[in-house]
Amino acid sequence: MGGTIVTNPGVPRLTTEHPDVSPGTPLAVVGLFLKALQYRFTWTESEPLPWVWDANLTPLDTEEEAPIEGEPRKLMIEAAYNTEKAIRNYRPAIYVGTGDVTPNKNTVDNFVGENLPANFRAFHSMATMPIIFYCDGENYGESTLIADTAWMFILASRDIFRSAFSLHEITNPVLGQTTVMQTDKEIWRTPVTFSVQFDLRWTTRPIEPLIREIGLAVSSSEHPADYYIQIALRDFES
Amino acid sequence: MGTPQSHVYSRERGPIPTSTLKIELPRITAVWPKRIYIQWLLRNPSPGETYVFQLYRSGSAEGPWEQIGTDLTEQYSFLDTAFTSDYRMRGADLMSLTRTVYYKITVTGSSASTAETTKVLEAGLDRRRKGLRRKLVRDAGVFLEKITGSEIAVLKRKRWGAPCTYCQSSTGQSVRAHCGHCHGTGILGGYWNPVYGFAQISRKVNPVQVSTEASGKVETHRTEVLMLDIPQIEHDDVLVFLRGNKRFKVVDFIPTQLQTVPVHQELIVTELARSASEHKITVDDVHSPRWF
Numbered sequence: 001m002g003g004t005i006v007t008n009p010g011v012p013r014l015t016t017e018h019p020d021v022s023p024g025t026p027l028a029v030v031g032l033f034l035k036a037l038q039y040r041f042t043w044t045e046s047e048p049l050p051w052v053w054d055a056n057l058t059p060l061d062t063e064e065e066a067p068i069e070g071e072p073r074k075l076m077i078e079a080a081y082n083t084e085k086a087i088r089n090y091r092p093a094i095y096v097g098t099g100d101v102t103p104n105k106n107t108v109d110n111f112v113g114e115n116l117p118a119n120f121r122a123f124h125s126m127a128t129m130p131i132i133f134y135c136d137g138e139n140y141g142e143s144t145l146i147a148d149t150a151w152m153f154i155l156a157s158r159d160i161f162r163s164a165f166s167l168h169e170i171t172n173p174v175l176g177q178t179t180v181m182q183t184d185k186e187i188w189r190t191p192v193t194f195s196v197q198f199d200l201r202w203t204t205r206p207i208e209p210l211i212r213e214i215g216l217a218v219s220s221s222e223h224p225a226d227y228y229i230q231i232a233l234r235d236f237e238s
Numbered sequence: 239m240g241t242p243q244s245h246v247y248s249r250e251r252g253p254i255p256t257s258t259l260k261i262e263l264p265r266i267t268a269v270w271p272k273r274i275y276i277q278w279l280l281r282n283p284s285p286g287e288t289y290v291f292q293l294y295r296s297g298s299a300e301g302p303w304e305q306i307g308t309d310l311t312e313q314y315s316f317l318d319t320a321f322t323s324d325y326r327m328r329g330a331d332l333m334s335l336t337r338t339v340y341y342k343i344t345v346t347g348s349s350a351s352t353a354e355t356t357k358v359l360e361a362g363l364d365r366r367r368k369g370l371r372r373k374l375v376r377d378a379g380v381f382l383e384k385i386t387g388s389e390i391a392v393l394k395r396k397r398w399g400a401p402c403t404y405c406q407s408s409t410g411q412s413v414r415a416h417c418g419h420c421h422g423t424g425i426l427g428g429y430w431n432p433v434y435g436f437a438q439i440s441r442k443v444n445p446v447q448v449s450t451e452a453s454g455k456v457e458t459h460r461t462e463v464l465m466l467d468i469p470q471i472e473h474d475d476v477l478v479f480l481r482g483n484k485r486f487k488v489v490d491f492i493p494t495q496l497q498t499v500p501v502h503q504e505l506i507v508t509e510l511a512r513s514a515s516e517h518k519i520t521v522d523d524v525h526s527p528r529w530f
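Chains as they are written, first to last, in the working numbering: chain C, 1 to 238; chain H, 239 to 530.
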């Protein structure tokens with residue numbers, strides 16, 4: 001996204017993300033697409049959309065009176081199931097959620113290599129995470145048009161998102177059927193669904209040889225206490 | 239606060255002056271699905287005077303009105319056949335179980351005496367029940383106004399009219415729920431003129447229910463409202479309680495009767511979110527500048 005949405009290089013995670021949110025977790029990926037949608041629906045003179053994202057949803061003064069032709073309606077774009085936000089029942093809105101994350105097994109036992117001297121074993125998997133945009137509106141037409149805008153945005157920007165967000169794959173999005181539900185009034189919801197794939201890598205090291213190594217070092221050492229201090233400080237240079 | 243009072247609301251439940259010129263609509267009968275027969279009756283006419291009638295139609299008791307009969311003389315009935323059943327909503331239609339149509343008849347005499355009345359499409363009551371209904375409606379109206387009710391404005395949703403050119407697609411659906419021209423209804427204006435009266439929210443405590451779903455915390459508040467059967471309420475009509483400007487959308491309505499005479503309407507309503515498009519509709523005709 002050319003620096004518009006800044007991510008950590010090589011991993012799917014924003015640079016401004018909370019440190020507790022690890023790369024590739026659902027929260028991290030939702031944050032990426034939240035930023036992307038908020039960018040898409042930001043007001044631009046060259047393409048005046050009827051719905052404009054704004055963190056401040058207070059209606060414009062012009063909304064209170066006779067409308068000015070072309071004046072947009074504010075759009076809320078938030079993470080799905082975000083119960084911490086104070087605003088409720090606001091429409092139109094887009095909520096970004098995830099489905100079940102499935103790690104695919106591309107190799108036997110996910111095993112890809114081993115370092116015999118150190119007993120390190122390396123593993124790799126490809127995680128598939130469904131992403132869902134819930135596009136809510138107070139009538140059928142508004143809901144389906146907002147969803148269509150988001151859907152086309154994802155479809156047309158797949159290759160840019162893959163490189164910018166360090167994703168292996170983004171499937172073609174599906175524009176779902178608009179359905180109705182009843183809350184304070186009839187609300188129409190159109191889902192946009194697609195999946196993302198990203199790499200998972202991890203290593204293991206068997207613990208028992210390590211413990212035996214420590215025991216051997218302690219028993220053969222003239223000063224066992226010094227060796228314990230080295231372990232505690234992880235300082236093996238001295 | 240000063241209470242706007244609809245002429246129709248107060249007139250329909252009040253007693254009739256006996257000596258003034260008056261016009262009644264004793265019969266408004268539908269011949270489904272294309273025609274409505276309207277009959278009117280002049281009370282206390284003066285001998286030798288000539289009278290000219292004007293007939294109007296609307297979807298609400300307070301208009302705006304569409305004139306369908308101009309300068310009618312020597313006739314006391316009219317057959318309204320101008321129901322087009324145009325599914326693009328351009329013309330009034332009778333293709334629904336809950337369609338309500340209002341008629342207004344005005345009379346002007348050669349001595350400049352005038353009278354007018356408004357009435358909804360209904361089956362009509364026999365002579366005995368007419369008197370009983372007037373008494374019951376008046377008593378219920380006084381009870382709501384003086385004791386248990388609160389001031390309301392009824393916004394009846396338009397079911398026909400000129401399509402909104404700002405937001406209607408080729409499929410006839412509105413693409414902007416908060417369109418300031420039609421309020422998401424697809425018909426210019428969106429709602430008929432407000433009808434003011436009194437209603438009572440149910441005495442049962444119905445709390446605001448909060449649930450969690452994909453949109454976060456969602457609030458719903460359903461309650462019951464009791465009001466007179468004037469004006470007749472339909473699904474998706476909006477009730478505005480003027481004290482506090484709380485707005486409710488009608489989910490269901492149950493006409494109730496006393497001694498087989500329709501007097502009340504019990505409504506199941508749901509409170510609209512503060513950001514709902516219906517909150518943009520102006521209803522305050524009392525204050526300047528308007529509060530809401």
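It is worth saying that the hints were derived from the structure and are not from the lab. Worth double-checking, as some hints may not be accurate.
Derived pair list, reagent style DSS-like, types lysine-lysine, alpha-carbon separation capped at 25 Å [said to hold, decoys possible]:
| id | chain 1 | residue 1 | chain 2 | residue 2 |
| --- | --- | --- | --- | --- |
| 1 | C | LYS35 | H | LYS342 |
| 2 | C | LYS85 | H | LYS368 |
| 3 | H | LYS342 | H | LYS442 |
| 4 | H | LYS384 | H | LYS484 |
| 5 | H | LYS442 | C | LYS85 |
| 6 | H | LYS272 | H | LYS384 |
| 7 | H | LYS373 | H | LYS455 |
| 8 | H | LYS487 | H | LYS518 |
| 9 | H | LYS373 | C | LYS85 |
| 10 | H | LYS373 | H | LYS342 |
| 11 | H | LYS342 | H | LYS384 |
| 12 | H | LYS442 | H | LYS368 |
The calculated label-pair distances, taken between Cβ atoms and stated as ranges, are [as the list claims (entries may be wrong)]:
| id | chain 1 | residue 1 | chain 2 | residue 2 | range |
| --- | --- | --- | --- | --- | --- |
| 13 | H | ASP309 | C | GLU47 | 29 to 35 Å |
| 14 | C | GLU186 | H | ALA320 | 27 to 33 Å |
| 15 | C | THR179 | H | ALA320 | 47 to 53 Å |
Built from N, CA and C at the ideal position, the CB exists for glycine as well.
For this session: Any hints from earlier that this structure breaks? Give me their numbers in increasing order, please.
Result: Violated hints (numbers, rising): 1, 2, 3, 5, 6, 7, 9, 11, 12, 13, 15; every other hint is consistent with the structure.
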